[in-house]
Structure formats: C-alpha cells, structure tokens
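Residue numbers (our numbering), protein chains in the order written: chain W, -7 to 127; chain F, 134 to 478.
It should be emphasised that the hints constitute simulated quantities derived from the structure, not laboratory data. You may find that some hints are simply not true.
Said to hold, decoys possible - Some chain F residues near chain W, calculated using beta-carbon distances under 7 Å:
| id | residue |
| --- | --- |
| 1 | S348 |
| 2 | A349 |
| 3 | H350 |
| 4 | L384 |
| 5 | S386 |
| 6 | T394 |
| 7 | N396 |
| 8 | M397 |
| 9 | V402 |
| 10 | S408 |
| 11 | V461 |
For each residue, glycine too, the CB sits at the ideal point set by N, CA and C.
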Amino acid sequence: MSSVANPIVRPQWALLVGDSLKQYGPWHTHAKLIEARNAYPDDLAIRGYLEIIRNMIVRELLSHPKGLQAVPKLSAEFLTNFDRFNLNAQEGYLISLIDGRMDLQKLQILSPFDPFNTMFIIAKLVNERAITIPQ
Amino acid sequence: MTTYAIPLLDRLPTPIAVVSESGAIEYRNKVFEEIFGSDAKSWLKDGARAVAGERGWLQGFFLAGDDGHTNDVEIEGRVYRIDKIMSIEGYDTPAVALSFDDVTRQREAEQAKSDFTSMIVHDLRGPLSGIQGTLEFVLSQEGTKLDSLYSDLLTEAQRESERMMNLINELLDFSKIESGNFVVEPEPVRVAGVLKRAVRSLQSVAARDEIFLLSAHGRDIPQIIGSVEKLTQAIINLISNSLKFTPKKGLISVAAQIVRTDNMPETIVITVTDSGMGIKAEDVEQIWSKYKQTKNKSLRGGGGTGLGLYIVKQIVEAHGGEVTVASVEGVGTSMVLKLPVKRAA
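Hey, can you work out the whole structure from these sequences and the hints?
See below:
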C-alpha cells in the first residue's frame, strides 16, 4: 500500500467564480462563496474572491448616474408588506435612516458601519427590493 | 573515510571539514588547515553552543535534512558561506561535512551597492519633495485663476512627481531589504488605524482619477505587535498598485477581518480589492517576485520598478505572515495578507 498521503485538492476558484458570475450573476456567486468559505475556512484565497464579488456589487451600486448623490427610497413592497423582509439588525438600522431625502453620501456619514459595508448593505437592500434608487 | 577520498579532498580549493555536534573536527582538508589552522576549534565550539536561548549556527546543520542548509557566518573578521554537503555516519556522535566559502568581498560589494543606492535615493528625495510642495501650493490656490491648459499641465506634473517619489521610495526599501537592514521594530499596532491612514493618504489621488476608495473593518479587530510604519507602507503599496490598473468609476476596497478556525491560530486577514482588469492565471504566481510585472498595462501611464509587491511580501513575512492573491480576469483582483495575531500586552 502506498504511504503517500492524499494531497488536498483545492478547487480552481478563479474558473469557478468566473463561470458562476457569467451564468448566475454576483449575488448567487456571493452566496456560493460564503458556503465555500465555511467549507474551506483555512483557504485564504476564497476570502479574496469573496471581496472581489462584494467589490463588484458595491461598484454596481455606485455606478448609478448620480453616484453618491443618488437618493434611495423605501419600495412600495416594503411599505405595504415589510414583515416579508427578513432583515438583520444592521439592515434594519440602515433602512430606518432612509427617508427619501438623504443621499448615499449622507447615509455613509451617518452610518455606524464602515463606508464599504454601509454601501454593501444598501446594495443588498436594493437587490431584495426593500429599497429602490430612482434614476 | 576511504583512502582515495582524502587526497581528493586535499586537492580541492575549498575548505572542507567534518564536524561533530559538539564542534569537534573529525576531518579537515589541507585548505581548511591552511586557512583556519588549529584555531578553528574555538569558533566551531562557539557555534555548537546556544546563547541566550538562540540556537548556535552549527546546531542548525544538524537539525536540517540532507537537502542542503546554508548559513553565512562571520569568522575572524571574514564572512564565510557554510554549506552542508552531507551527514556523515560512522563516528561516535553525529557529524556533518561542511564546505566554507569566503564571501567577504561579495558581501562588501553588496553593502557598497546598497549604501550607494541609499545615498542617491536620499539625495533625490529632497529636491523632489520641494517640487511636489510647490505644485501642491500652486494647485491649491483657489483665488488664482489658472488657464485650464496650465492647470492640466500642472496636475500632470504633480501626478508624475508622485510616481517618481513612489519609485524612489521603492528603491530605498529595496536597498534596505537587500542589505539586511529591513527590521521590524515591534510596537502595538491598531490595524484599523493602519488601514484608515493608508486610505486617507491616497484618497485625493483616487478622487483625482475618479476612483472610489473605501475601507471596511469590523470593530473587533485586535491590536497586534508589529511596525505601524511598515504595515501602512504595505497597504499603501497595494492601493497604489490597484490605482494603476483600476479604470475610472472603479472601486478599490480595503478590508480587515479577524479569522478564527480550528486549524489556524487567530489571524487578521487584510484584503485590498480592486475592480481592475484582473491578472492572467499564468502571471499570478510571479507577481510577488522582484522586478516581475504583469503584462497588463497601467491605465495611469508609465511602468514601475516591479518592486512594490515584492516589498509588501517582505514586510508581511517579517511580521510572520503570508500573502496570496485572488483574481478573476475582467472582474478584479484581491491581494490577501494574513497576519498572525500576537496581541499587545
């Protein structure tokens, strides 16, 4: 019997992430990478890929024609049926600041969270249709 | 030792000796005897002793396997590169065959080169700082109406002077690394503070290039022991690198998180992530090597020394950490730094 230990086979993350982005988009890829991070907690590269996707999501939000001056509003769906949205404490706090007048820059200043995470949470709220950012 | 081996070893121009674990000489060739005489015993015995908890240099050769072990050791005012040839069996105690190569001149030449680079770099930095200060002053005068052409030209001059300052700083760091003067002086480090400082120092450059630069760090990031100055410099190098390859309206994020897993000691993971063009798979391995650059063209003009990421790697490794990179072509790149948490007392 061979005494050579089986090498740990690491998935080729770059290819998997690229394919997933093309087929399913950033949010699905983000969810899959969180699963991967939990399955391979010591693989630091996964954290890098996760940051690439989070960066992509926030950049998409900031690519709004008005950039940081864009003003988010609560969606009609959220106003009529807000208990459908399973918000965590951070999301709940940020959504409580949205009054239809404050722009992204002011939200970033007022938020107790760091600037990047504030923008990421807002992007998540947009994706879940709890808020909208009119053009 | 076989009879024919002794005359053969005696004809070699390199000093060779078989030394036991205690530093006793079991065999030495003629050149060894000519160079070191009988005094060799004393410094070999010193090398076999641990001093203040630090292992003696000779002990390292007994712990290493037979795939070679090298150590530069100062002996009687000269520097010798000592290589382990092989372990020798047949003596009462373990013994190793060592070769002694005099590298004193080589080391002196390296030191002279490094001193010269440091001197030139220092001399270049002075006048360049003056040019930068003047440009900044002229461009910041709100009351002065500059013709847009002159304003653009001055901004371009400012950008190029910043680039030149970065190149000079990289050369200075590189010369310190090469001369062995790159030492981490330990102090308590607030990692979140390091990220903020690095981001703040490049915020105006990012804004000028219409790039978003945001930081992300949890509140639970502990203080570590390291060098504030060097870690800030590593993050600045990474952000500067990202700025070169991130297009307008792009995003650079700088994040830190604490990672606790069953198989890994408590670790801080810092990521500098950009929405640039990504790195080709074949280039990923070489980006941390000196003078290596990817085939990607900088979007801000001009090249670099190819030392920025090499310096980052040296800084992180001096802190007992590791570097790695994640990249998706056409989407972005994330530089990942892993730093062990050695908590400040």
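Going through the hints against the structure:
Hint status for F:S348: holds, given a least beta-carbon distance of 6 Å to chain W, under 7 Å. A hinted interface residue such as F:A349 counts as satisfied when its beta carbon comes closer than 7 Å to some beta carbon of chain W; here the least separation is about 4 Å, so the hint holds. Of the supplied interface hints, the one on F:H350 holds, with its beta-carbon coming within about 6 Å of a beta-carbon of chain W, less than 7 Å. This hint holds: F:L384 has a C-beta 4 Å from the nearest C-beta of chain W, less than the 7 Å allowed.
Evaluation of the F:S386 hint against chain W yields a held restraint, the C-beta minimum of about 5 Å falling below 7 Å. Contact between F:T394 and chain W, as hinted, is supported at the beta carbon level, the nearest pair being about 4 Å apart and thus within 7 Å. For F:N396, the interface hint holds, since its Cβ comes within 7 Å of a Cβ in chain W; the closest pair sits about 5 Å apart. For F:M397, the interface hint holds, since its Cβ comes within 7 Å of a Cβ in chain W; the closest pair sits about 5 Å apart.
For the restraint placing F:V402 at the interface with chain W, the shortest Cβ-Cβ distance is roughly 6 Å, inside the 7 Å limit, so the hint holds. Proximity of F:S408 to chain W holds as hinted, the smallest CB-CB distance being about 5 Å (cut-off 7 Å). With 7 Å as the threshold, the beta carbon of F:V461 comes within range of chain W, its nearest partner Cβ sitting at about 5 Å, so the hint holds.
The structure meets every hint from the earlier list without exception.
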